[in-house]
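Here the protein sequences line up with chains A and B, keeping their order.
Adding 76 to a residue's 1-based position in the first sequence gives its number in our numbering.
Adding 76 to a residue's 1-based position in the second sequence gives its number in our numbering.
Please note: incorrect hints may appear among the correct ones.
Intra- or inter-copy, both count: the list cannot distinguish identical chains.
[To be verified] In silico SDA-like pairs for lysine to any residue, Cα to Cα no more than 25 Å straight-line: (1) K186 to N259; (2) K217 to Q302; (3) K212 to E252; (4) K381 to Y273; (5) K277 to S148; (6) K78 to K248; (7) K277 to S325; (8) K305 to E270; (9) K381 to E270; (10) K150 to F371; (11) K382 to E366; (12) K152 to E252.
Hints in this document: simulated from the structure, not taken from any laboratory.
Number of protein chains: 2
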Amino acid sequence: MKKIPERIIECLNDNQSFLILVHQKPDGDAIGSAIALGKGLKQLNKSVDYYIDLPIEEKLLFLPEIKCFNQSLKEKYDIIVLLDCSTMEFAFQPEVLPEAKLTLVIDHHKSNVCYGDLNFVEITGATAEIVFRIIKALNIKIDTEMADALFTGISTDTGSFQFSNVTADTHKIVSELYLIKSNYAHLSRLLHGEKNYNQMKMTGAAIHSLEIIKDAPIAMMILDHQTIKDFGGTLNISDDVANIGQNTSGVIITALLKEVNTGEYRVSIRAKAPFDIHEIALKYGGGGHERAAGFTFKGDINLLKKELQDIYEAQRDTHV
Amino acid sequence: MKKIPERIIECLNDNQSFLILVHQKPDGDAIGSAIALGKGLKQLNKSVDYYIDLPIEEKLLFLPEIKCFNQSLKEKYDIIVLLDCSTMEFAFQPEVLPEAKLTLVIDHHKSNVCYGDLNFVEITGATAEIVFRIIKALNIKIDTEMADALFTGISTDTGSFQFSNVTADTHKIVSELYLIKSNYAHLSRLLHGEKNYNQMKMTGAAIHSLEIIKDAPIAMMILDHQTIKDFGGTLNISDDVANIGQNTSGVIITALLKEVNTGEYRVSIRAKAPFDIHEIALKYGGGGHERAAGFTFKGDINLLKKELQDIYEAQRDTHV
């Protein structure tokens with residue numbers, strides 16, 4: 077791992093007031109990184125404010141530092157720190173951004189455009205890995221809440237150490253977190269295992285609807301309007317549900333259809349490399365990436381199945 | 077972590093022929109530990125045989141060394157190595173055990189009774205962690221299959237680094253495995269994410285039946301005979317399914333009822349510490365431990381619900 081550059085350490089050491097921003101709809105890595113860095117800077121007697129998009133996922137609310145989020149902002153800070161944000165637009169920010177001498181960007185996204193006055197961007201499993209290294213470089217003592225926050229960032233962004241963004245450094249850093257707090261089993265269950273009753277029932281309904289399209293490794297799941305009303309209430313159905321199809325042996329492409337209004341579906345598509353499904357999303361006015369995309373669909377679901385099958389077959393022939 | 081004692085290293089270095097045994101119904105840690113040690117010893121030009129209980133779980137079959145399992149045994153070995161077995165009875169062994177100068181036990185179970193001539197027992201996340209340390213002490217080069225085998229052992233026995241048996245050493249060792257092979261994402265998905273279509277449908281049926289007993293944090297799931305016939309074909313329903321209840325927020329006790337014959341249920345019970353459910357299993361002629369037990373039940377399911385509720389209430393009052 078690269079050494080944290082001296083100018084980043086100086087920027088944090090030599091200034092007094094910090095505003096921490098993270099991306100919209102913050103996840104475990106955004107919240108964990110913010111809290112670890114914020115609490116660390118407070119230990120150095122810095123003044124730290126957080127401006128964070130709400131609501132925060134229920135499973136993250138256990139971190140006590142969250143009570144310090146979104147208190148009144150100053151008009152002026154020494155430094156605005158942007159964590160886990162690949163672009164400025166992606167950051168959640170107040171309508172009028174306070175003045176600052178400098179913006180400091182710390183991030184692990186490949187797509188980061190280095191839009192800060194100072195930038196430290198490295199492709200790691202999680203931004204929390206970089207924050208850990210910064211905290212160590214600042215000689216800050218990591219307390220158990222900071223350890224929990226860092227573990228939360230790393231564990232959520234790496235899918236409990238299962239994704240391909242995990243490196244030797246990821247495990248090396250987590251090994252050090254175990255020297256601060258010896259057991260993360262309860263936290264791991266909270267982050268990965270537990271679902272509330274409704275989320276669990278929604279998962280069951282999705283599996284119940286799971287269908288493998290004839291002669292193609294394509295999974296389709298449909299959550300009808302009533303099911304979403306009964307168990308969801310909202311359309312924020314987690315990636316977990318979209319991934320059920322992908323976790324079925326042999327499946328390469330999954331479509332999850334959520335009926336937002338009668339006959340109108342919000343479609344989430346997932347594909348395994350090297351298959352690319354973003355074009356069908358663009359065709360229907362949606363967006364996304366090669367392996368994960370979404371769009372709105374009205375019409376005959378059998379036609380959608382046929383389209384997915386065509387995409388698979390066209391690319392299969394290329395990839396063979 | 078304790079240094080591997082010199083006499084263990086000498087035993088492996090100074091002898092020539094080895095028979096490797098592991099426990100009955102071998103899991104990822106048993107298979108992974110056996111292959112890593114076996115291939116390691118072969119690198120030192122030792123002769124190695126494996127005698128392993130079949131069938132091996134489908135998800136483990138990717139390891140090429142499995143083709144060397146259960147070839148003809150010699151009448152005599154220098155050393156019989158027992159891996160991941162807490163007692164000799166638990167080991168899978170041929171009807172007539174070949175002669176040997178010495179038995180060497182390597183294990184991570186707290187309950188290990190040190191029944192070998194030589195024993196190295198340490199409470200770690202997985203036996204594979206100890207095997208890794210032994211291989212390093214023997215100066216053996218770890219190839220990618222051995223790295224996969226060790227990763228399989230550690231990842232499966234720690235629930236993808238989520239259980240309370242994980243330590244700083246666990247992550248330190250895995251960090252070193254990433255220096256041998258840089259990506260375990262595909263393997264992780266194979267070990268943890270994937271279910272075949274029928275297993276997935278069985279999971280869905282279990283969630284569909286999930287019920288939280290009124291006024292108590294007790295989950296009950298029932299898989300009826302037809303569902304088991306449709307999707308299971310066997311009663312080997314994985315722990316995953318039994319754990320669905322336990323992974324529902326707030327639940328302390330889960331009962332999974334599998335209808336083996338009309339009106340006759342195989343019941344699997346799980347409890348969270350400090351609750352203890354093994355007595356109800358004993359009462360019905362079953363067995364198990366404090367937090368996981370099983371028995372056969374015929375009769376009125378409402379009575380079973382009532383009994384579970386009573387157990388919860390009696391212990392709740394003790395634990396408050």
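Evaluated hints:
1. K186 to N259: between (32 Å within a copy, 18 Å between copies)
2. K217 to Q302: Classified as neither; 51 Å inside a copy, 58 Å across copies.
3. K212 to E252: both (11 Å within a copy, 21 Å between copies)
4. K381 to Y273: Answer is between; shortest inter-copy Cα gap is 19 Å, intra-copy 31 Å.
5. K277 to S148: neither (40 Å within a copy, 50 Å between copies)
6. K78 to K248: Answer is both: 14 Å inside a copy and 19 Å across each meet the 25 Å cutoff.
7. K277 to S325: both (22 Å within a copy, 12 Å between copies)
8. K305 to E270: This pair counts as within: shortest intra-copy Cα distance 21 Å, inter-copy 29 Å.
9. K381 to E270: This pair counts as between: shortest inter-copy Cα distance 23 Å, intra-copy 32 Å.
10. K150 to F371: Result: close neither inside a copy nor across copies, 40 Å intra and 64 Å inter.
11. K382 to E366: Within one copy only: 19 Å inside, 52 Å across.
12. K152 to E252: neither (36 Å within a copy, 46 Å between copies)
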